[in-house]
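Listed in order, the protein sequences are those of chains H and F.
For the first sequence, this note's numbering assigns the number 38 to the initial residue and increments by one for each residue that follows.
For the second sequence, this note's numbering assigns the number 358 to the initial residue and increments by one for each residue that follows.
Some hints here could point you the wrong way.
Calculated pairs, SDA-like style, for lysine to any residue (alpha carbon to alpha carbon, straight line, at most 25 angstroms) [to be verified]:
1) H:Lys-38 x F:Lys-410
2) F:Lys-360 x H:Arg-74
3) F:Lys-414 x H:Thr-42
4) F:Lys-410 x H:Asn-137
Chain H is faced by these chain F residues, among others (derived, beta-carbon under 10 angstroms) [as the list claims (entries may be wrong)]:
5) Val-361
6) Gln-363
7) Gly-373
8) Phe-377
9) Arg-401
10) Phe-405
11) Asp-416
12) Leu-447
13) Asn-455
14) His-459
15) Arg-465
These are computed hints drawn from the structure, not numbers from a lab.
Each residue gets a CB set at the ideal place from its N, CA and C atoms; glycine is no exception.
Read off the chains here:
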Amino acid sequence: KQEVTQIPAALSVPEGENLVLNCSFTDSAIYNLQWFRQDPGKGLTSLLLIQSSQREQTSGRLNASLDKSSGRSTLYIAASQPGDSATYLCAVAGPNNAGNMLTFGGGTRLMVKP
Amino acid sequence: DVKVTQSSRYLVKRTGEKVFLECVQDMDHENMFWYRQDPGLGLRLIYFSYDVKMKEKGDIPEGYSVSREKKERFSLILESASTNQTSMYLCASRRGFNQPQHFGDGTRLSIL
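Build the full structure now, drawing on both the sequences and the hints.
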């Protein structure tokens with residue numbers, strides 16, 4: 038059964054710092070990996086989706102990489118801002134349910150201090 | 358932008374009641390999903406629907422059913438609510454296979 042782990046569980050950084058969030062998964066037979074952010078009491082906002090054939094995706098100050106063979110993904114946030122404070126979740130599609138089901142990590146709670 | 362709307366942000370119901378949670382998306386997406394989110398357990402899939410009137414069980418379908426009569430609407434039904442169904446419920450939709458899932462703001466449901 039696929040398992041997804043995110044380390045660290047919480048992270049506090051000063052504004053302006055570049056940072057990396059980690060995600061690992063146990064079964065490399067995935068279809069895609071998606072990164073989300075979740076603000077307190079709210080739903081999830083989709084940030085980036087990386088297909089299994091891709092190595093990275095970029096959106097603004099965010100860059101996500103995928104190393105399927107080692108079961109790892111990273112989310113790089115450049116020049117962090119207080120507005121980036123949120124919980125960041127990664128989720129993989131597959132191999133369960135032919136990729137229709139996402140398996141989520143426990144999240145990294147990020148605080149960016151002004 | 359994709360808009361996934363859940364009918365209630367907060368809901369309080371009594372044990373044994375039949376509860377309906379509604380979700381509507383406005384982007385003509387094929388697939389829709391219901392998750393619940395609990396501290397320490399993360400997000401878990403209850404049911405998903407890949408087309409109108411089609412559904413598949415997720416990880417934790419017991420005590421729930423779903424209905425998808427129209428493409429834009431996906432309903433989660435708690436047949437006889439119990440206190441262990443107190444949770445945050447999140448609906449999501451996506452255009453199709455290998456496309457990103459987009460989430461609503463969630464319904465925080467309390468069963469007393």
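These are the hints, each one checked on the structure:
no., hint, in the structure
1, H:Lys-38 x F:Lys-410, "violated, 28 angstroms"
2, F:Lys-360 x H:Arg-74, "holds, 16 angstroms"
3, F:Lys-414 x H:Thr-42, "holds, 24 angstroms"
4, F:Lys-410 x H:Asn-137, "holds, 17 angstroms"
5, Val-361, "holds, 8 angstroms"
6, Gln-363, "holds, 8 angstroms"
7, Gly-373, "violated, 27 angstroms"
8, Phe-377, "violated, 19 angstroms"
9, Arg-401, "holds, 8 angstroms"
10, Phe-405, "holds, 6 angstroms"
11, Asp-416, "holds, 8 angstroms"
12, Leu-447, "holds, 6 angstroms"
13, Asn-455, "holds, 6 angstroms"
14, His-459, "holds, 6 angstroms"
15, Arg-465, "holds, 8 angstroms"
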